[in-house]
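As you go down the protein sequences, you meet chains V, R, U and F in turn.
Note that numbering that gives the first Met the number 0 has the first sequence beginning at 0, numbered continuously upward.
Note that numbering that gives the first Met the number 0 has the second sequence beginning at 0, numbered continuously upward.
Note that numbering that gives the first Met the number 0 has the third sequence beginning at 0, numbered continuously upward.
Note that numbering that gives the first Met the number 0 has the fourth sequence beginning at 0, numbered continuously upward.
Hints are not guaranteed to be accurate.
Cut-off 20 Å, straight-line C-alpha distance, at most; resulting in silico cross-link-like pairs (EDC-like, lysine to aspartate or glutamate) [claimed, not checked]: (1) V/Lys303 - F/Glu328; (2) F/Lys154 - R/Asp178; (3) U/Lys221 - F/Glu218; (4) R/Lys303 - U/Glu218; (5) U/Lys274 - R/Glu41; (6) U/Lys154 - V/Glu41; (7) V/Lys303 - F/Asp337; (8) F/Lys221 - U/Glu218; (9) F/Lys317 - F/Asp329; (10) R/Lys303 - U/Glu334; (11) V/Lys303 - F/Glu318; (12) U/Lys154 - V/Glu32; (13) F/Lys152 - R/Asp54; (14) U/Lys273 - R/Glu15; (15) U/Lys273 - R/Glu32; (16) F/Lys152 - R/Asp20; (17) R/Lys158 - F/Glu215; (18) F/Lys274 - V/Glu32; (19) U/Lys152 - V/Glu41; (20) F/Lys210 - U/Glu328; (21) F/Lys274 - V/Glu41; (22) F/Lys274 - V/Glu16; (23) V/Lys303 - F/Glu215; (24) F/Lys152 - R/Glu41; (25) F/Lys273 - V/Asp20; (26) V/Lys303 - F/Asp329; (27) U/Lys274 - R/Glu32; (28) F/Lys277 - V/Glu32; (29) F/Lys273 - V/Glu16; (30) F/Lys154 - R/Glu16; (31) U/Lys54 - U/Asp329; (32) U/Lys210 - F/Glu215; (33) U/Lys273 - R/Glu41; (34) R/Lys303 - U/Glu328.
It should be emphasised that the hints constitute simulated quantities derived from the structure, not laboratory data.
Just so we're clear, the structure is a prediction, and the values are computed from it rather than from any experiment.
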Amino acid sequence: MPVITYRQALNDALSEELTRDENVILMGEEVAEYNGAYKVTEGLWKKFGDRRVIDTPISEAGFIGLGVGAAMMGMRPVMELMFWSFSYVCFDQIINNAGCVRYMSGGLINCPIVIRGPANGGTSVGATHSHTPENFFANTPGLKVVCPATPYDAKGLMKSAIRDNDPVCFMENTLLYGDTGEVPEDEYVIPLGVADVKREGTDISLIAHGRAVITALAAAHRLWEEFNISAEVVDLRTIRPLDEQTVLESVRKTHRAVLIDENKPFCGVSSQIATMIQEQAFDDLDAPVSRVCSLDAPAIYSPKVEAMQLPTVDRIIQKVVAAC
Amino acid sequence: MPVITYRQALNDALSEELTRDENVILMGEEVAEYNGAYKVTEGLWKKFGDRRVIDTPISEAGFIGLGVGAAMMGMRPVMELMFWSFSYVCFDQIINNAGCVRYMSGGLINCPIVIRGPANGGTSVGATHSHTPENFFANTPGLKVVCPATPYDAKGLMKSAIRDNDPVCFMENTLLYGDTGEVPEDEYVIPLGVADVKREGTDISLIAHGRAVITALAAAHRLWEEFNISAEVVDLRTIRPLDEQTVLESVRKTHRAVLIDENKPFCGVSSQIATMIQEQAFDDLDAPVSRVCSLDAPAIYSPKVEAMQLPTVDRIIQKVVAAC
Amino acid sequence: MSVAQADKTGTDPVNFAKAPVNANLSADQKLRFLSDMLRIRRFEQSSLKLYQQGKMGGFLHLYIGQESVAVGTCSLMGPNDHAITAYRDHGHALVVGMSMNECMAELLGKSTGCSKGKGGSMHFFAPDKNYWGGHGIVAGQTPLGLGIAFALKYKGLKGCCLTYLGDGAVNQGVYHESLNLASLWDIPVVYIIENNQYSMGTSLARSSSIKSCLAERAEGYKIDWDLVNGENLYEVRAKTFEAMGRARETCRPMVLEIDTYRYYGHSVADANAKKYRKPEEIEFYKQNHDPITLWENRLKEEGIATDEIIAKIDKEAKEEVAASVQFAEDSPLPELEDIFSDIYHEVDMGTEAGRTGRHFFND
Amino acid sequence: MSVAQADKTGTDPVNFAKAPVNANLSADQKLRFLSDMLRIRRFEQSSLKLYQQGKMGGFLHLYIGQESVAVGTCSLMGPNDHAITAYRDHGHALVVGMSMNECMAELLGKSTGCSKGKGGSMHFFAPDKNYWGGHGIVAGQTPLGLGIAFALKYKGLKGCCLTYLGDGAVNQGVYHESLNLASLWDIPVVYIIENNQYSMGTSLARSSSIKSCLAERAEGYKIDWDLVNGENLYEVRAKTFEAMGRARETCRPMVLEIDTYRYYGHSVADANAKKYRKPEEIEFYKQNHDPITLWENRLKEEGIATDEIIAKIDKEAKEEVAASVQFAEDSPLPELEDIFSDIYHEVDMGTEAGRTGRHFFND
Ligand SMILES: Cc1ncc(C[n+]2csc(CCOP(=O)(O)OP(=O)(O)O)c2C)c(N)n1
Ligand SMILES: Cc1ncc(C[n+]2csc(CCOP(=O)(O)OP(=O)(O)O)c2C)c(N)n1
Ligand SMILES: [Mg+2]
Ligand SMILES: [Mg+2]
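Chain V extracted, bound-state conformation (with noise of 0.2 Å):
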């Protein structure tokens, strides 16, 4: 199977819908001409040209609303926010009207907008860049929230949430837009609401969401070789709809569970998890429930110092091996 990046894979999602289905256009700024912030639209806008793919204004609330009032009429647009800290500027676009717009008409109406771009710390862009807001869209009944941890997942979950006829948010990763990983060369897509058991283990679930299922990987791998412990890695892949039984599984497997966040722990989305595993596997655990989140202050600049902010394989260790 041929190895590309992450950002190849949104590439070729992003591609391929946009040759599938006319009512597909990518809209953002400098995702054309400039190919993208980040790249990941790259060559796009050379293949569909200035109809299809659409350089905008720094004017967020604006054009995520006219994408959402063009998916109100059918098109499927595709809006990059060149950092998900940008959301900040159009949050009501995205909450009342991607969100509400098919309440309020009693059904009358369905937004299939797929809102994506970075969300992430780790890359010393200060506090304003650095924002990890799923857990806020996730909070909101009427949007889906999309975090894949590999390039197999972002294409294939790209695919679902541009198909899908409810408003997504997608967010992705400038740390992982390099990794690489094996992708099919045939088509296929992973349904949203479907987790993913990366790696299986007998003695904790290791539960976690985006760029947190690589570095729960790698601590996994050290817990085996230098603990001899055993962890099953869970990634979440989706936050909203949430595939609630694989969690729910290991954890009666194992019977014990970290949860690793990069969202700050105050209501992040591993609060909700641990709420619902104590809830519903109350009696399956042999230990609380607990969390390695970004540490919670704003995102700090020094880059070294920041490293150590998002969760790293050391905090996962201790807080396992306290586990078991």
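Based on these hints, arrange chains R, U and F with the ligands on the given structure of chain V.
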């Protein structure tokens, strides 16, 4: 002790702090000449004049940002959002400017702003006007979040919020404005970060904030009358900083907890509380921590139906009986 | 540039009736406009009663006094023309052809309402009639209208999107972002500022700093604009027709500022309705600028209407309203489980995507 | 209205040197401007080297080519005048008097940095020098500048706030909300659009639909505006002085659009820096419009500077930069626990409020 409304208690707090400190100003849509959309600022424009109490155009991002800038200069602006739902058009100003400017300046700047207004469902104003974003803002290190349930708490907490040197999101409730309660004539303040046991009990802990506290108290009353269950009601009062001690002491005493939360469930405030309880009081729990949240859909308009969408006494009782 | 400045053909005050779009109107069409205005007014007058009887919740923003704007502009909509407005949305809804039944039932929160009782007064929708609501967040609809017009152009359809906003809404930033995008990309959107001079209790002078008018801000984006006297149905139609025609043919956007006036408070809950405006001011408008009275007089002058005809039309409107109230009262409320439909299309349709993973997180 | 249109006294192109604010400048002051521009350029040239050596993270937005704007405008700041800008903030920082040491250390993420290594390149602050940053969200600073100016007026201080934004930032709605508020309430803010013709890879023509220029949008808010040739330090000072004077005396806001040009990419990470702009275009600016070269020539004509003097000033700037690099390299990184300071004032001060309840929720 005089008995006054929640609205009047807030009005008194604002009036006293305007009198006490020249740097305090009130600003927002219709807060001055109109006396406030919900009359919380009634009479203050007459009393303090154009310079201190200011009507704004419908430009939340603009005037909240203005307030943040003025606060950086040492003023203490108290900004009204007619509804906290409208924070979604100024989300960036609150999180990135009010919430992060101290950190990004290495502590050179602080931002003593209060942003206040109602944040609640239950009034048939529809999905876009019924948001309860306390979980979003409490997720953000740098911000503080207060949700008073009674006139006494509303006044004491508002005075502390205005004197606090950090940005405070003060969330009121249109359904509570008319509630009455005893409020001392003498000056008092209630520190942020201190929960309040609103009713003592031994069998189960009902933990809530805002209007859910009132619902919990009604449920506790019936639980005792009809089921002989002694429920303790803990009012968080402030979400961030959070008084975890009082919550844990209660749970360690009752060994059971049901969280009442008008937030939407996914990553709502109660998910953080449940996560904290199971992590820190795991061995004290005789049953999983369970939750009674707003039903997980956008706020429905239909008045009679929406009343059932919020946590109800009946739903609380069912949960409690199931847990005991 | 102001169209008025640029070119007066067909827009010279005295000639609005002679403007092509008005000159060929049949008597029936002209009477239809009267009927539509009366239908709006009667519909809202009884909705007000129902509100006062406690049969509604939340907000009720009455359009009474502004009827000529919705009737004049929406009456020009062709098959590819669309409309979207804010929360003061009953008038436009009735003109685009929504039934009084579904609208009145929505106000009472009934499952037979246009939004199944989920949207309420601020959220009337009829996509089948090119009507996209009904939006509660001030100016939140302004980029949606842009997107609807963008889709029309993308699909190669010759149409435009009438996008309404209030005089207070112009100070939301997203409206300005939308103007720049509309002009930069040649999007066939026509922004219609319904200037009723107040945003809640705040007069235009206290909320907007302007040169000569609100529409003029369009200049900075190289967008044409015009001022319209909203009490004159002929003028509303003539100037809007021109704007719509240009949008359809050239995809150029335009901003129209239509002067009008609301008789009631901002919403029925507006406790100060008669404080920030002198009662005399309101009376003055009712006496001298009521769009319905003016149109009735006009039709009489033209020999099209008589008091009898007008009374008959009014009677029909009242009967239609009464029937809709009956329908609404007799209709059932949504069931508790209805709370969970109409959130996700995939779930509602029972597709595989809608059945995969957990979508709702009720305890 | 455009000031240029309105009144040309003191702003006639040939007379900028004779404008009062320039006429009385001493030779030392004029040399100081040269020194300040050179200090910015040398500072950034070595910061670029350090970035390329991997000693920095994140973004580095260079100001090189635009030096005359920060020097010309910030040199006019009196004790009650304030400044705030976006992420391209090194130039303004050095002109208001921040030390190269604290700035270079911030770039390297050291605890001796102006923001203790927590803010980085985009977030330089010096409230003691009336400099309020350094902001990463495009146009996010525009209402903050408004609030600073509001506070000045409230406290009865005669000053203004210079609030800088880029040519791309004008399309963020919050800027327009700010313009309306500034004019409506007479707030002494001076918006300075540093028009370097590109927002990242997007030319002005592809991002903004305008009548004649970006500043002209101020007309719609009844705000005066003017165009400034940024390469001419005398013109920048003359026109900015006029705007600041009016703001201080009358509290009226103003919008200045200053034409300028950046030589490097949007940020050092800009892979396409030479794709969306022809290398010839960049060369042309360097050859004919470099603000430093032009100022040097001017000072020579005026007999104030010689090649020797200029070389000496440049040498001093380079030495100051070298010392700051040394200082930054030798400085310690923040400690892990420093992550948790500077979040809440009450916690940092150890007040009772800072000790009550849990503030941080680390697992
Ligand atoms: C973003 C936002 N801010 C405030 C409100 C509350 N609000 C609803 S309508 C309104 C006044 C709008 O006035 P205008 O735009 O003139 O429209 P009109 O009501 O006169 O039709 C306000 C302040 C809101 N719904 N959304
Ligand atoms: C709200 C927001 N959207 C997008 C960005 C990403 N971004 C940073 S700078 C920039 C270009 C700004 O150009 P301009 O305003 O002309 O300023 P210049 O960089 O030329 O100084 C963009 C798109 C951002 N930081 N904030
Ligand atoms: Mg109005
Ligand atoms: Mg620029």
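Hints and how they fare:
1. V/Lys303 - F/Glu328: holds, 14 Å
2. F/Lys154 - R/Asp178: At roughly 38 Å apart (the allowed maximum being 20 Å), R/Asp178 and F/Lys154 break the hint.
3. U/Lys221 - F/Glu218: holds, 13 Å
4. R/Lys303 - U/Glu218: Since the Cα atoms of R/Lys303 and U/Glu218 sit roughly 48 Å apart, the hinted pair is violated (cutoff 20 Å).
5. U/Lys274 - R/Glu41: holds, 14 Å
6. U/Lys154 - V/Glu41: violated, 25 Å
7. V/Lys303 - F/Asp337: holds, 13 Å
8. F/Lys221 - U/Glu218: holds, 13 Å
9. F/Lys317 - F/Asp329: Holds - the C-alpha atoms of F/Asp329 and F/Lys317 are around 18 Å apart, at most 20 Å.
10. R/Lys303 - U/Glu334: holds, 10 Å
11. V/Lys303 - F/Glu318: Cα-Cα ~28 Å, so violated.
12. U/Lys154 - V/Glu32: Roughly 23 Å between the alpha carbons, so the hint for U/Lys154 and V/Glu32 is violated.
13. F/Lys152 - R/Asp54: Measuring from Cα to Cα gives roughly 17 Å; hence the hint holds.
14. U/Lys273 - R/Glu15: Violated. U/Lys273 to R/Glu15 sits at ~30 Å, over the 20 Å cutoff.
15. U/Lys273 - R/Glu32: This hinted pair holds, its Cα atoms lying about 13 Å apart.
16. F/Lys152 - R/Asp20: Between F/Lys152 and R/Asp20 the Cα gap is close to 17 Å, so the pair holds against 20 Å.
17. R/Lys158 - F/Glu215: violated, 44 Å
18. F/Lys274 - V/Glu32: holds, 10 Å
19. U/Lys152 - V/Glu41: violated, 26 Å
20. F/Lys210 - U/Glu328: Distance of about 55 Å is beyond 20 Å: violated.
21. F/Lys274 - V/Glu41: holds, 14 Å
22. F/Lys274 - V/Glu16: violated, 28 Å
23. V/Lys303 - F/Glu215: Judged against 20 Å, a Cα distance of about 45 Å means the pair is violated.
24. F/Lys152 - R/Glu41: Violated, at roughly 26 Å.
25. F/Lys273 - V/Asp20: Distance of about 34 Å is beyond 20 Å: violated.
26. V/Lys303 - F/Asp329: holds, 16 Å
27. U/Lys274 - R/Glu32: holds, 10 Å
28. F/Lys277 - V/Glu32: holds, 14 Å
29. F/Lys273 - V/Glu16: Answer violated: F/Lys273 to V/Glu16 is near 31 Å, above 20 Å.
30. F/Lys154 - R/Glu16: Holds, because 18 Å separates the two Cα atoms, which is no more than 20 Å.
31. U/Lys54 - U/Asp329: At roughly 13 Å apart (the allowed maximum being 20 Å), U/Asp329 and U/Lys54 satisfy the hint.
32. U/Lys210 - F/Glu215: Satisfied, since the Cα-Cα distance of roughly 12 Å is no more than 20 Å.
33. U/Lys273 - R/Glu41: Holds, at about 17 Å.
34. R/Lys303 - U/Glu328: Judged against 20 Å, a Cα distance of about 14 Å means the pair holds.
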